[in-house]
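Asks: Sequence:
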Amino acid sequence: MSALRALLIAGTHSGCGKTSVTLGLMTALRKRGLTVQGFKCGPDFIDPGLHGLATGRTSHNLDAWMLPAHSLQELFQRACAGANVAVVEGAMGLFDGQGACERGSSAEIATLLDLPVVLVVDARAMGRSVAALVHGFASFDPTLAIAGVLVNQVASSRHQAILTEALAALPSGPPLLGCLGRAPEITLPSRHLGLVTAQDLPQAEAHLARLAAWVEASGAVERLLALPPTMPNSTAAPPP
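Be aware that the sequence shown starts at 903, since it is given in the working numbering, and climbs by one per residue.
These are calculated hints, taken from the structure and not from any lab test. Small disclaimer: the values here were computed from a predicted structure and weren't measured. You can take every hint at face value.
Pair ranges (Cβ atoms, derived):
(1) S1058 / H972: 44 to 50 Å
(2) D1016 / A1063: 32 to 38 Å
(3) G917 / T1066: 19 to 25 Å
Glycine is no exception: its CB is placed at the ideal position from the N, C-alpha and C atoms.
Throw the hints in and build the complete structure from the sequences for me.
Replies: In structure tokens form, the structure reads like this:
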């Protein structure tokens, strides 16, 4: 069996750039000849449709409210059949679920499936404080593996240097995987109920190509591919 690399793209909050990062990463990986399987935490139907455009495969929802742990694990393994990489997009902030516990959160999905987490941080109007934010997320649940950080909304080379220095000073903190520059041209269009659906995304192929180039420019793709394989790939047939 071939080895599967799997990860969960999480964020500090909604609107930090999770979906743009996820779609850019999926597209970049597919362009490298890899078979990418997408997933979305929770019941959201818009993001999985966008994942399908990027990967060419049906994306699946991983909803801990609707399915018990063993069913989620089986769904994940079956859907990953034939894939080289699995990319799970989180929902809201990493730990946002049922009140004061992780029930229903992206963190719960990462724990159930033993997935390393890549944390997307919106560093707009932020300098050294980014280290305090990342430290808080990395230490909040010691059982959760945060494999690295992607810093979004980086304004300039000077801003990048400040953020990089601050994160490098964290004792045993998660590594910085890449800095993503401000790029208004790649912002996904939205409407009153959220992002536009895959069917309504204008010039979808060109937009995905811009997202892939944006993620590639950060150097994150190479660093993510250097992460160790997560699990042996299942040979089971994908779910209908």
